[in-house]
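Starting from the known structure of chain X, arrange chain G on it as the hints suggest.
So you can see what is in the structure, the chains are spelled out below.
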Amino acid sequence: MRILKLASTEIMLLLRNKIALFATFLLPPTIFFLMGETFSDIKVDNFGYADNYLPSWFILAMLTIALYNIAVPMVTYRDNGVFRLYQLTGLKKFQIFFTQMLSAFFCWVICALLLLVVTQVRYNVTTPLYFGDTVIALILSLVSVLTFGFFLVTLAKNQAQSQSLAGLLMPLMIMFSGASVPINLFPDWLQKTIKVIPLYHSVKLLRGVWLHGPLANYTTEVYILLGMTLFFSIIAILNFRWSNVK
Amino acid sequence: MGDTEAFIHLSKLHKYYGEKHVIKGIDLAIKRGEVFGFLGPSGAGKTTTVEILEGLRPASSGKVLVLGSDPREQQTLFFKKIGVQFQKTDLPPKLKVREALALFNVLYKNKLNDQAMQDIIEKFTLRPYLNTYFENLSGGTKQKLILALAIAHNPQILFLDEPTTGMDPKSRQDFYDVLFKIKAEGRTIILTTHNMDEANKFCDRIAFFYQGKILDVDTPQNLAAKYGENACLKIISPNAVRGELQALASVLRVEEKEGTFLLYSDNLQAAALEVFQLSQGNNWHITSFGLERGSLEELFISLGTKGGAKSENFKIS
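Respectively, the protein sequence lines represent chains X and G. If you read the first sequence in the numbering used here, its first letter stands for residue 69, the second for the next number, and so on. If you read the second sequence in the numbering used here, its first letter stands for residue 331, the second for the next number, and so on.
Same shape as in the complex, but just chain X (with noise of 0.2 Å):
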């Protein structure tokens, strides 16, 4: 009850926020048409842009939601003394998390609605041959994406950071992720440099299974997405701070 009651009133807060609104429900579906409109005639692997970069693009949505939903509030929560008179209300860590994690899936589906319909209408895109195993690798990149954005709460020392980390990673993940440029345009070293950001396999792992499945051909992918989850989850749990007050 106690965390149906916060989760809905993070999304609410979040509803009545009108740039959070556009950056999280209507910016990645317009982003998403503007490319789709000019890349319309490239094709990689035989598919159309919009059949390449639509699970990229809930990849990417989920990295906006984990930042700007997530990660952001959260450490402003910390600084502004919110989650100190959340912990006196006798809430428990894993409750914060749980509520964090139940109203930034809610987003998440809208903002992945709003994309399908897009795609839907305009682009008509293929459907995953393998439904199973495309929801799974979408639970398991949102958990790890998700789980992500509470690993930079813990590393933001207050919102001015977690403010200026939001706006660096953003850019280098949409840019050097697979997310909206083709890997294979950049030099052979960057190709190689780029597996270490946590997005690439989100990216390749959803993409792999939704165009050519099934999931066991992508087990590397599911290990380290995984393992990310897990480490991202332990860091943020051990470090988790209810106020800024050393």
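No false leads were slipped in.
Covered stretches of chain X (chain G as the covering partner; in silico rule of three or more C-beta atoms under 8 Å from a C-beta of chain G): (1) 70-76; (2) 79-85; (3) 138-150; (4) 157-171.
EDC-like mimics (lysine to aspartate or glutamate), calculated; alpha carbons at most 16 Å apart, straight line: (5) LYS543(G) to ASP357(G); (6) LYS453(G) to ASP504(G); (7) LYS393(G) to ASP357(G); (8) LYS418(G) to ASP147(X); (9) LYS73(X) to GLU429(G); (10) LYS342(G) to ASP400(G); (11) LYS160(X) to GLU403(G); (12) LYS564(G) to ASP596(G); (13) LYS453(G) to GLU515(G).
Since the hints were derived computationally from the structure, they do not count as laboratory data. Here the structure is a predicted model, which is why all the values come from computation and not from measurement. C-beta: ideal position from N, C-alpha, C; glycine also.
For chain G alone, kept in the frame of chain X given last:
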């Protein structure tokens, strides 16, 4: 626990931040129903001590008992028994007052019915702001709301950490009105402040914190009597003569700066009468006349030199 027993008990409390020794062996006992002030300049150790009492910070050594148990043990249960208003707390900016009350009602599992909620709204005069976003509230109303949230679950002890810092006088007065209502309920309140007037207004007893120690604990009246020489008469006059003021029987010392005279006395009432008589006789033009309190810093310096050993002699009451 009986009424006469200590509700809060600190014994030989020490706190270190790394090498820094910030709480240096505090002993203190606070009784049920007391409004107890933690008074002292910034960095004196008030907030650290309060946070230890709230169970939010561990002590380095010493004994801490609040409501009969260590606040760090069974923390969730302990939190239900206390209400806290932090020095600097915000709620999400786009949260309305009504929603904040409803949210914390669920988070605290208060299950307050409509009538109880209405009573809180009335007590804290929040009705005009129910549909106002937190970001649009004045500083005083924000603090009233935070206080309402802190007290809605009917805690046994209420901690207020410098609740009026940064408020304008009107907001402060509004906040004081609410605080008087809470005090009248007989609740145990720990008020941390560096505002002497605030401590005088609300506290049954005050502990003076200075450099990690408690220098003295007493009622505001007794403390004023003990350290009252820090207060003085302040007169502004273009033609008063320092030598004549200094010669008055009740005046111990006079300081003068550009027509402003500070008169120190151990009997301020008698000194005031003498000054009036003298000014009338000499036809001095007095543009301002009043009681000037010594600054808190001065008082603490005075306590530091005269009363430094008192914490060692202080008996737990």
